Amino acid sequence: MKETLTAYFNRSAESPAIQTKRIGKYGIFLAFILLCILLSLMTPRFLTVANLTIIVTQVSINALLAFGVTFVILTGGIDLSLGSMVAVTGVVAATFAHPDDYPLLVPIGVGLLAGVIFGALNGFVITRSRVAPFIVTLGTMTIGRGLALIISKGRPISNLSDSFNFIGGGHLFGIPFPIVILLIAFAVCSLILRKTILGRYIYAIGGNEQAARASGIQVSRVKMWVYTISGLLAAVAGIVLTSRITTGQPNAGVGFELSAIAAAIIGGTSTSGGSGTMAGTLIGALLIGVISNGLDLLNVTSYYQQVVMGAIIIGAVVLDGLNKKSS
Amino acid sequence: MKSASSSILQATILFLGLYLSGCNQSGGDGAGGKDKIVVGVSMLSMQNEFIVNVADEIEKKAEEMGVELITVDAERSPLKQIEQVESFIAQDVDVIIMNPCEVEASSPAVTKALAAKVPIINVNSATSSNPTAFVGSDDVESGRIAMEYIAKRLGGKGNVIMIHGYMGQAAQLQREQGAREVLKKYPGLKLIAHQSGEWDRAKAMSLTENWIQSYGGQINAIFAHNDEMGMGAVKALSDAGMKDKVVVVSVDAIPDALQAVQKGTLDATVFQNAEQQGSKAIETAVKIVKGQPFDAQTLVPFQLVTKENVGQYIK
Numbered sequence: 001m002k003e004t005l006t007a008y009f010n011r012s013a014e015s016p017a018i019q020t021k022r023i024g025k026y027g028i029f030l031a032f033i034l035l036c037i038l039l040s041l042m043t044p045r046f047l048t049v050a051n052l053t054i055i056v057t058q059v060s061i062n063a064l065l066a067f068g069v070t071f072v073i074l075t076g077g078i079d080l081s082l083g084s085m086v087a088v089t090g091v092v093a094a095t096f097a098h099p100d101d102y103p104l105l106v107p108i109g110v111g112l113l114a115g116v117i118f119g120a121l122n123g124f125v126i127t128r129s130r131v132a133p134f135i136v137t138l139g140t141m142t143i144g145r146g147l148a149l150i151i152s153k154g155r156p157i158s159n160l161s162d163s164f165n166f167i168g169g170g171h172l173f174g175i176p177f178p179i180v181i182l183l184i185a186f187a188v189c190s191l192i193l194r195k196t197i198l199g200r201y202i203y204a205i206g207g208n209e210q211a212a213r214a215s216g217i218q219v220s221r222v223k224m225w226v227y228t229i230s231g232l233l234a235a236v237a238g239i240v241l242t243s244r245i246t247t248g249q250p251n252a253g254v255g256f257e258l259s260a261i262a263a264a265i266i267g268g269t270s271t272s273g274g275s276g277t278m279a280g281t282l283i284g285a286l287l288i289g290v291i292s293n294g295l296d297l298l299n300v301t302s303y304y305q306q307v308v309m310g311a312i313i314i315g316a317v318v319l320d321g322l323n324k325k326s327s
Numbered sequence: 001m002k003s004a005s006s007s008i009l010q011a012t013i014l015f016l017g018l019y020l021s022g023c024n025q026s027g028g029d030g031a032g033g034k035d036k037i038v039v040g041v042s043m044l045s046m047q048n049e050f051i052v053n054v055a056d057e058i059e060k061k062a063e064e065m066g067v068e069l070i071t072v073d074a075e076r077s078p079l080k081q082i083e084q085v086e087s088f089i090a091q092d093v094d095v096i097i098m099n100p101c102e103v104e105a106s107s108p109a110v111t112k113a114l115a116a117k118v119p120i121i122n123v124n125s126a127t128s129s130n131p132t133a134f135v136g137s138d139d140v141e142s143g144r145i146a147m148e149y150i151a152k153r154l155g156g157k158g159n160v161i162m163i164h165g166y167m168g169q170a171a172q173l174q175r176e177q178g179a180r181e182v183l184k185k186y187p188g189l190k191l192i193a194h195q196s197g198e199w200d201r202a203k204a205m206s207l208t209e210n211w212i213q214s215y216g217g218q219i220n221a222i223f224a225h226n227d228e229m230g231m232g233a234v235k236a237l238s239d240a241g242m243k244d245k246v247v248v249v250s251v252d253a254i255p256d257a258l259q260a261v262q263k264g265t266l267d268a269t270v271f272q273n274a275e276q277q278g279s280k281a282i283e284t285a286v287k288i289v290k291g292q293p294f295d296a297q298t299l300v301p302f303q304l305v306t307k308e309n310v311g312q313y314i315k
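Residue numbers (our numbering), protein chains in the order written: chain A, 1 to 327; chain P, 1 to 315.
Read the hints as simulated data drawn from the structure, not as lab findings.
Treat the hints with care, as some may be off.
To be verified - With a straight-line cut-off of 27 Å between C-alpha atoms, the simulated DSSO-like cross-links for lysine-lysine are:
{"no.": "1", "chain 1": "P", "residue 1": "K117", "chain 2": "P", "residue 2": "K80"}
{"no.": "2", "chain 1": "P", "residue 1": "K190", "chain 2": "P", "residue 2": "K152"}
{"no.": "3", "chain 1": "P", "residue 1": "K315", "chain 2": "P", "residue 2": "K60"}
{"no.": "4", "chain 1": "P", "residue 1": "K263", "chain 2": "A", "residue 2": "K153"}
{"no.": "5", "chain 1": "A", "residue 1": "K153", "chain 2": "P", "residue 2": "K203"}
{"no.": "6", "chain 1": "A", "residue 1": "K153", "chain 2": "P", "residue 2": "K185"}
{"no.": "7", "chain 1": "A", "residue 1": "K153", "chain 2": "P", "residue 2": "K60"}
{"no.": "8", "chain 1": "P", "residue 1": "K245", "chain 2": "P", "residue 2": "K263"}
{"no.": "9", "chain 1": "P", "residue 1": "K60", "chain 2": "P", "residue 2": "K80"}
{"no.": "10", "chain 1": "P", "residue 1": "K152", "chain 2": "P", "residue 2": "K243"}
{"no.": "11", "chain 1": "P", "residue 1": "K315", "chain 2": "P", "residue 2": "K61"}
{"no.": "12", "chain 1": "P", "residue 1": "K36", "chain 2": "P", "residue 2": "K287"}
{"no.": "13", "chain 1": "P", "residue 1": "K263", "chain 2": "P", "residue 2": "K315"}
{"no.": "14", "chain 1": "P", "residue 1": "K307", "chain 2": "P", "residue 2": "K190"}
{"no.": "15", "chain 1": "P", "residue 1": "K245", "chain 2": "P", "residue 2": "K184"}
{"no.": "16", "chain 1": "P", "residue 1": "K80", "chain 2": "A", "residue 2": "K153"}
{"no.": "17", "chain 1": "P", "residue 1": "K287", "chain 2": "P", "residue 2": "K112"}
{"no.": "18", "chain 1": "P", "residue 1": "K290", "chain 2": "A", "residue 2": "K153"}
In this text the structure is predicted, and so the values were computed from the model without any measurement.
So here's chain A without its partners, still in its complex pose (with noise of 0.2 Å):
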């Protein structure tokens, strides 16, 4: 009965379930060109160099967390502790980044290794004890909040080194930095998906893990490295906040996960995995960032700004079903 009523939809629908396809996949591109002519129309103050500047630059820290969280909703996982371990990796690369303390690269490099261990653990559990993702990562959030409390003591830890302070604050030929680790970040998470085998493969896992598994991949090793990416980028994000805003905060990044899992969900990742690209994602960051940054300068207040954003997500997601049901 099911299948016959699935059949019928299909074939009745044909024409227009064609043209949805088509708006579902440049639809998100469209809404964001759309949405920028009409802030530039509605404040002169939007279309400047200045001010979209500042949008790339307070979009990368959610836009890495949003890559990062790509390539597991890909596999049909997802990632709830990333707001946590942004605060676990800031605080940690913070207690190392006091002046004339250690060289540069000892925060950095202990922050990433404290977000690699973290995302790995993340894959470790998942793919051992076959809990669902949402339950372990639910668990890991809260592990993660509170190392983030331990390691600080409970309070925000500044007197930061100048040159810690440039990955968040500084300028490489004119471009703050942020947005720099963001091109790069964003051409080696394209490259990797697009270009590698095990992008491939996260896109096989998604799209029919039992498949993907018959075929011969090692869907547990896959997978590990997917969640160890997330780690790794929501380190680079906790350590651009905890640069940017000059103290390692043990509560920040509280909500995150759900900015960059809207983020990518809106640039069109399908939620049960295997479609979805990182230039998607990217739009889906700069969308949210660029509605926020408008309703700023038009002076609206946050809270009509997170009714906005939850019906964007809506409608992406719907979008997303359109498009499931025409292919």
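Based on these hints, arrange chain P on the given structure of chain A.
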């Protein structure tokens, strides 16, 4: 799908088990030796530096006075706080010190304690039901002091921006009220924008960056409801090379902010005395238990900290 739902069930059972065993344990311990005075302490959030300072001071003073403490963290949840107070009552503590999460929502905790004849002291912020005693500072005053300083620095004329804490919290409401009282007194001061920075440095920094885009040189002063957000505003202004032209004032006097005042990047902060709030709270608690006379309301005054007097606040 089946495996997912069964693992959710597993997790729920596990959490429940842990939760119940945890409750039993604390129930057993608290009622132990009855010769010492036992004080139940429920704090708003041990993730907040100021609150941690108050709790530390309560602990230090309690040790000096030979009082036994049971300190718990409400993690900003009024519901959790009510449950904690209920558990204090069940454990038969002598007195409760509560640092309320919310004005209205934490009120039932006060009513319940009083109904069970357990005296309760509110520290740092108020509830709508009256406790046995209150120890804290009048937050309206902090907003007033901060805005008065801005008015003085600007000569009563200029454009002001306000960065709120979490909307609806007692500290946010009262600091805003104090600031607005002063704004009304000076018609030359205009509030050109105000938004919630949710007590968060990064959030306040982004807000300020966006305001610099929309108002630029028109901004003369920023009042942030806490130092974390004040520091975020300072960072954004410094990055834009505008700090010299904008007066920034915030509240709390956390170590970071005191250093910034000394360096001259933050113009002023308003000192809220965590140590005195903590020690007065436990002193009042002990007086109540011993049946000695006590003050039903102890107000610890705020103090304006500028470059001139910052030295005496830095430890």
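Failing hints, ascending?
6, 18
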